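Engineer: Here is how the chains run, residue by residue.
Protein chains: 2
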Amino acid sequence: MSEQTPLHAVERLRQHLHPIADLAAAAALLAWDQETYMPPDGAEGRANQLATLARLIHQRFVSAETKQVLEAAEGAAGAFDPDSDEAGLLRITRRDFDKITKLPTEFVAERARARAISTQVWREARPKNDFVTFRPHLEAMVDFARREAEYLGYTDHPYDALLDNYEPGMTAKDVRTLFARLREVTVPFVRAIAQRGPVVDAAFLSQDYDEAGQERFGLDVAQAFGYDLRRGRLDRSPHPFASGFGQKDVRITTRYNRQDPMSAIFGIFHEAGHAMYEQGVSPALERTPLSRGTSLGVHESQSRMWENLVGRSRSFWSHYLPRLQQVFPQQLRGIDVQTFYRAVNIVRPELIRVEADEVTYNLHIMLRFDLELALLEGTVTAADLPAAWNAKMQEYLGIVPPDDRDGVMQDIHWSGGSIGYFPTYTLGNVISVQLFDAAVRANPSIPGEIGGGEFGTLLGWLREHVHRHGRKFFAKDLITRATGAELSPESYLAYLQQKFGEIYGLGVPAAAGTR
Amino acid sequence: MSEQTPLHAVERLRQHLHPIADLAAAAALLAWDQETYMPPDGAEGRANQLATLARLIHQRFVSAETKQVLEAAEGAAGAFDPDSDEAGLLRITRRDFDKITKLPTEFVAERARARAISTQVWREARPKNDFVTFRPHLEAMVDFARREAEYLGYTDHPYDALLDNYEPGMTAKDVRTLFARLREVTVPFVRAIAQRGPVVDAAFLSQDYDEAGQERFGLDVAQAFGYDLRRGRLDRSPHPFASGFGQKDVRITTRYNRQDPMSAIFGIFHEAGHAMYEQGVSPALERTPLSRGTSLGVHESQSRMWENLVGRSRSFWSHYLPRLQQVFPQQLRGIDVQTFYRAVNIVRPELIRVEADEVTYNLHIMLRFDLELALLEGTVTAADLPAAWNAKMQEYLGIVPPDDRDGVMQDIHWSGGSIGYFPTYTLGNVISVQLFDAAVRANPSIPGEIGGGEFGTLLGWLREHVHRHGRKFFAKDLITRATGAELSPESYLAYLQQKFGEIYGLGVPAAAGTR
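Taken in sequence, the protein lines are chains A and B. The opening position of the first sequence corresponds to residue 1 in my numbering, with each subsequent residue numbered one higher. The opening position of the second sequence corresponds to residue 1 in my numbering, with each subsequent residue numbered one higher.
Hints in this document: simulated from the structure, not taken from any laboratory. Remember, it's a predicted structure, so these values are computed and weren't measured experimentally. Be careful, since some hints might not be right.
You can't tell identical chains apart in this list, so a pair holds if it fits in one copy or across any two.
No farther apart than 25 Å at their CA atoms in a straight line, the calculated lysine to any residue pairs in the SDA-like style are these [claimed, not checked]:
1) K128 x D228
2) K67 x R353
3) K173 x E377
4) K128 x R230
5) K128 x P104
6) K102 x H413
7) K99 x A383
8) K99 x R314
9) K128 x A383
10) K102 x R191
Just chain A, same shape as in the assembly:
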């Protein structure tokens, strides 16, 4: 066999990309450490290390050598099935190369340094409710975002350039259309629920629950879902997240509140959903740009599926409530499944996004999307943000945070320069139901299995149709392949109305079907 076969050309590209993937994994571990264990004064050194790694990764990826091996491999592209790993590698590497070459290396390195400092400032300023100290860093992050949009280019709105980093191909216009439809159904639905009034007394969930018990139960369930602890682990961080360094090391974090055990427990379910996605990527894609989730929307669909469609379902708790009662016998004595199910599904406007119920959750996202657009357009500045945040909270949720800690400073994202990221959370909610419905259509046994504490069929379907592909297919194509239909919010809306209509006795729209 000659050195010039198509497979050799792709293999050469793959070998060229391996050390870049290694450096990216190293940078990701440094970022993970910064959120979990790094001592506070390490931030400056860490910023230097991350800037150096970002510079090297960028230099190597936009190098003439990448161009040359990529073009050589593309010359052989005709030999590969479009669904093959090889075709996927060419498709995604080309996309990334064309995009990333538009950014100057020094911009990338300087931004990496500034992000590391900024998140550290946020980490220390938030508990002190100190927006003033954080503000200049936030301003810098907005400035980096605007410059990035200019470098990347866009036809309609600078937001499109940023959103494309997280959800390739999606635009602000798409988000607006989606959000308008969601708002149309959600806003009156939330109002009807509020008028109906409480249907359960959830005070039993506000007693003292020790952290060790929360952790043990959460991890037991995550392992039952399929999260592999030989390739993962759970730590603590101020803002929960999942982070992977190849499919054999994918970690999650959570935070604990002794007076609100379900926050950590659902948080673990959520992050385990993210982690199982990356653990499920085909080993053949390891050490390439394909070895992670295809978009943040699809990523979030996995976390929300395990957190909500599985973890907040009645059938799940019919199996797991007795187990949770073994961990917390005093606190949960005499609580039945129906009461518990209603208690973990209370719909009520809350200050904190990550603790919001499924119905009001998207309103938190809409607020952030509005503010991000305004920041990029310059109609709101970083200095205006606390007031703008509170006004939007009043508008969307009818409540106003008492301070910036639980208001504009609650999320880590902006501190790290992640602007254009938030809409993918709502998109994840929508995709989660569309995928779950497809999995159940293919395997009608799934809901019954969840009631028996069995999750293998669902995970198997996700592995086959979503996880193993990594970034090989764009989200749009992945969803069509997996579900037989284009992305649509209708099954998600039907799910919300069915589930919460039943809980709140509001009557279920005929079209929603049963679940």
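Chain A is already provided as a structure; the job is to place chain B on it using the hints.
Structural biologist: Quick look at chain B alone, frame taken from chain A:
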């Protein structure tokens, strides 16, 4: 001012070295993570990441650009006082450059990969007492060591080339001379102590002590010594160590044994001693090759000083025993200072080096030195090591381990390819006393302050005479500058005879003086 001033030339060198130091810090963090938190199946990916980083660091450091900026700066060397940071940077960078350029990049990268795998195999094999699985990795490590010695070159013995990595300028012949003198005094001394028999019943230290209390007390003392937790932290690992990523992030680990609380507590004192050294390096040396300890012997002198000269002294416990009794009131009820002091200074041959008393400790090192020489000479192979280990234990300590877990597999060093490292531990013991004596001569108040729980004068002297210099001076020069005398084992031997002669009622040699 022209671009060509001497300061500009050195500054250019420094700027060139910064990203290399950043990459080295990243690699050190990846290694720290591997020992502390990495999930087991992450080892293969980690090995790739460490190999890629090792390759990049080596390529950059031995590059034509390094040569050029180094030579340009050396051309300006006449402008600098030999004691200046600038002269130190030139001296050490030249030494490192000449040495490291002798190693092929691929050798360095492959070794980094093999080391990461090998330590992981050791980590899993040791608890299972599974030498057979570990053996081929150990063989590979010995092979890397022999090849490294050949690449580096040596006049007398291949060991010299390796020892020079850890203790620049020292040779196997120097070690032999030192060890012969130590053996001459120690062996009859250990025999006399054994004949004297026990002077204390230490059973009270074998009760159940919870880990949280051990950790709290250990960290409280470490902070009182001067270990700064805004720039450090304590974690757990199978083998305790200290690891720095710049002087603002220097971490330590320990391991806990509920039936032997002093193991973790003295372990924390020890590692805090290492960490304070690196925290004390001048900030002006940050992100250069000078920003760590000058040699492992001097490093170990710091850990052993805080562990033994301070932490195992009677005056220390006269202050801290009541505090430890507050943490463990049941277990330590009625124990007086004299009893406690004797109990933590029992001289008795033990299997585990890191838990050995001060008198027998060096015998563990001599054993390892003998075996390392034999491995390099080829008179002992990796397969022979368990038996050779046990024979040496019988020879030096009169006891034989029941298994390889507590025998040949007890230390992490060989699994990571660190051959030539062990003698620096004994050297550290020797240097610790020479430095401590000099500190006390300059500040006679130090022993009294230790009895009052005050350590600032001692730490201040170490900061001034040892820590701040980093690698600026070679160990030999540093010791002469700090103590006014060349390195000698005599004050160390006098210390041992004085302290343990008093404890065991053996009579103190007249020349030993008082402490």
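Engineer: Checked against the structure, which of the hints given earlier come out wrong?
Structural biologist: Checked against the structure, the hints that fail are numbers 2, 5, 7, 8, 10, while the rest are satisfied.
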